[in-house]
Amino acid sequence: MNYLIIGNSAAGISGAEAIRKVDKTGKITMVSAEGYPPYSRCLLSYYLAGDIEEKKLLFRPEDFYEKNKIEVLLGKKVEKIEPEKKKVILAGKEEIAYDKLLIATGASPKLLNIKGEDRKGVFGLRTVEDVQNILQRLDKVKVAAVLGGGLIGLKAAYGLRKRGLRVKVIIKSNRVLSQMLDERAAAIFRKRIEENGIEVMTGLAAEEILADDGSVKGLKLDNGASVDCQLVVIGKGVTPNIDLVKGTAIKVSRGISVDEKQGTNISDIYAAGDVAETVDIVSGRTTINALWPCAVEQGRIAGYNMALRKSGEKAGEEHKYAGSIGMNSIEFFDLPVISIGITRPGEKGYEEVIRDIPEKGFYRKIVLRDNRIVGAILLGRINPAGVLLSLIRDKVDVSEIKDEIMEETFNYSRVVHLMKEEKISETDRLFNQMVG
Amino acid sequence: MKYLFCNLEKCLGCKSCEIACALEHSRSKDLFQAVEEKPSPRYRLKVEYGKERAFPLACRHCDEPACVVACMSGCLSKDSKTGAVVQDEERCVGCWMCLMVCPYGAVNPDGERKLPLRCDRCREKEEPACVVACPTGALVFMEPEEFKKTVTRNSQPVTKKTS
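So the sequences go chain by chain: A and B.
Residue numbers are given in my numbering: position 200 of the first sequence equals residue 200, and the series is strictly consecutive.
Residue numbers are given in my numbering: position 154 of the second sequence equals residue 1154, and the series is strictly consecutive.
Simulated from the structure, these hints should not be mistaken for lab results.
The beta-carbon is built from N, C-alpha and C at its ideal position, and this holds for glycine as well.
Hints are not guaranteed to be accurate.
Lysine to aspartate or glutamate pairs mimicking EDC-like chemistry, simulated, CA-CA at most 20 Å apart [unchecked claim]:
no., chain 1, residue 1, chain 2, residue 2
1, B, Lys-1038, A, Glu-408
2, A, Lys-55, B, Glu-1146
3, B, Lys-1015, A, Glu-426
4, A, Lys-320, B, Glu-1090
5, B, Lys-1010, B, Asp-1110
6, B, Lys-1149, A, Asp-334
Computed beta-carbon distance windows for the label pairs [unchecked claim]:
no., chain 1, residue 1, chain 2, residue 2, range
7, B, Ser-1040, A, Gly-50, 20 to 28 Å
8, B, Ser-1077, A, Lys-69, 42 to 50 Å
9, A, Asp-213, B, Ser-1028, 58 to 66 Å
10, B, Arg-1027, A, Ile-357, 49 to 57 Å
11, B, Arg-1027, A, Gly-75, 26 to 34 Å
12, A, Asp-243, B, Ser-1028, 54 to 62 Å
13, A, Asp-268, B, Glu-1052, 24 to 32 Å
14, A, Glu-79, B, Ser-1040, 35 to 43 Å
15, A, Leu-135, B, Thr-1136, 32 to 40 Å
16, B, Gly-1111, A, Asn-371, 53 to 61 Å
17, A, Pro-358, B, Ser-1040, 45 to 53 Å
18, B, Gly-1111, A, Asp-213, 28 to 36 Å
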């Protein structure tokens, strides 16, 4: 069998690992446009901040490819897929044939489409190269502007602040982390980062990036004001890398559409990670949850199914993806926060239970629909986040423990009796002493 | 594979296990020195409370650990020989993704060191420190089949709905 994987990050690597687990001898080829061994994009802000060294960006050992007998082509871009001929075409017209293909091309930072975006000193925070370029420029910079107050924007702001710059975060909406948090949690979070020297400006957008001699010297904002800065980081979220499937028969909506086996509409072609559109467990709708854990899980499911023996003695069972959930965890300046699912319902039919203890730095909220949790925010004391996640995932009726969930000491033992029987493993029954 | 089980009927919630755990993971391994240590030694197993009973909770070293899937630094892995979930503390950045997905809430965040702490079964030791320290013999390190035999069949399932 001849496997080809496009992409070399979370989904691609876990796909390759899954294939190799099942098929010890098949040929696996990985192609990546970036010339770098498997590194974790989520760690880039830590590298930018100087919290970790460059070599710690790698999430697999350097001998990963060799150990797993993977042929890897780094720094090569796939230009086109030809499903009917079962081959892909690289830049420079080189061709690679495949039997099974995994598209794990990930996503790229969204652009703002404003004037001056192409100037020197304007960066995303998506690749090692981005960080290296920012770091090289640091000695020319006193003030940095970050456009966007989501996770990427704030991570960039944190990293730049740790490097001693003055940092201004410019946010179009009225609060930080508006996709993740409600107003109250966002206000607590904003206060903490402002206390640590990051300036936050809400309700504003950049209209133009001003430059002098080609290099950034400031921003013009939509209220007419201008901001002096020598570096701009754009953190506006990501958009799936679907260029190479355009014009093919592979079905695309916002991302590549996949079924629960991570297969596309074309047989033998799979997609996983930030490029794939999957069913969101909470909303029931298809969406892209561009998150590390989702990418790993999807890659693994795709890999297993690609390597699956369909008939004969060792025929295996198909692996199915249960769906993704939007969630994230972040900590800045000793304030951790986790957000899962729907945190700002904005429609009828939802119930919110909130506990806010400002002096303890504790804020917790659950959002319910028909007595089932569909979202949660945990700020300060984050310990039971995973317990809430499984209640969300399994759609457990929590009507009798709503208040208990709000307690600081809420823990797993409080929910065991509510869990669905089939969700509790044999070993767990022993752990929980559900015997007799 | 052996697991850290607790016979909940025998557990008094005395927290001897927590102290033994923190001590085992201290630098000095001496109680009087350990209390002075910075960063403070922390326990990895926590005595949680149900409505009526204590419930010692530690990493269960799952067959398919969600934490390993969620780990974005590559510091977590499942040891294919011992079955344990292993953490390379050097590589961990404290992103709390593992904590976010652990269905048991068995990851204890060490805010001082920015490290998610989980039971490491005291690594090379024959018996984990908590098991040795448990005064009532509630905590045991056993194969599931072996543990099954020790639990009285007629005992009230302590965490199950009683109504």
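Checked hints:
1. B:Lys-1038 <-> A:Glu-408: Roughly 26 Å between the alpha carbons, so the hint for B:Lys-1038 and A:Glu-408 is violated.
2. A:Lys-55 <-> B:Glu-1146: Violated - the C-alpha atoms of B:Glu-1146 and A:Lys-55 are around 45 Å apart, more than 20 Å.
3. B:Lys-1015 <-> A:Glu-426: violated (27 Å)
4. A:Lys-320 <-> B:Glu-1090: violated (34 Å)
5. B:Lys-1010 <-> B:Asp-1110: violated (29 Å)
6. B:Lys-1149 <-> A:Asp-334: violated (46 Å)
7. B:Ser-1040 <-> A:Gly-50: 20 to 28 Å: holds (26 Å)
8. B:Ser-1077 <-> A:Lys-69: 42 to 50 Å: Cβ of B:Ser-1077 to Cβ of A:Lys-69: about 19 Å, so the range 42 to 50 Å is violated.
9. A:Asp-213 <-> B:Ser-1028: 58 to 66 Å: Since A:Asp-213 and B:Ser-1028 have Cβ atoms about 60 Å apart, the given range 58 to 66 Å holds.
10. B:Arg-1027 <-> A:Ile-357: 49 to 57 Å: Given range 49 to 57 Å: violated, Cβ gap about 34 Å.
11. B:Arg-1027 <-> A:Gly-75: 26 to 34 Å: violated (45 Å)
12. A:Asp-243 <-> B:Ser-1028: 54 to 62 Å: holds (58 Å)
13. A:Asp-268 <-> B:Glu-1052: 24 to 32 Å: violated (56 Å)
14. A:Glu-79 <-> B:Ser-1040: 35 to 43 Å: violated (56 Å)
15. A:Leu-135 <-> B:Thr-1136: 32 to 40 Å: violated (56 Å)
16. B:Gly-1111 <-> A:Asn-371: 53 to 61 Å: Cβ of B:Gly-1111 to Cβ of A:Asn-371: about 33 Å, so the range 53 to 61 Å is violated.
17. A:Pro-358 <-> B:Ser-1040: 45 to 53 Å: violated (26 Å)
18. B:Gly-1111 <-> A:Asp-213: 28 to 36 Å: violated (46 Å)
In summary, the numbered hints that this structure violates are 1, 2, 3, 4, 5, 6, 8, 10, 11, 13, 14, 15, 16, 17, 18.
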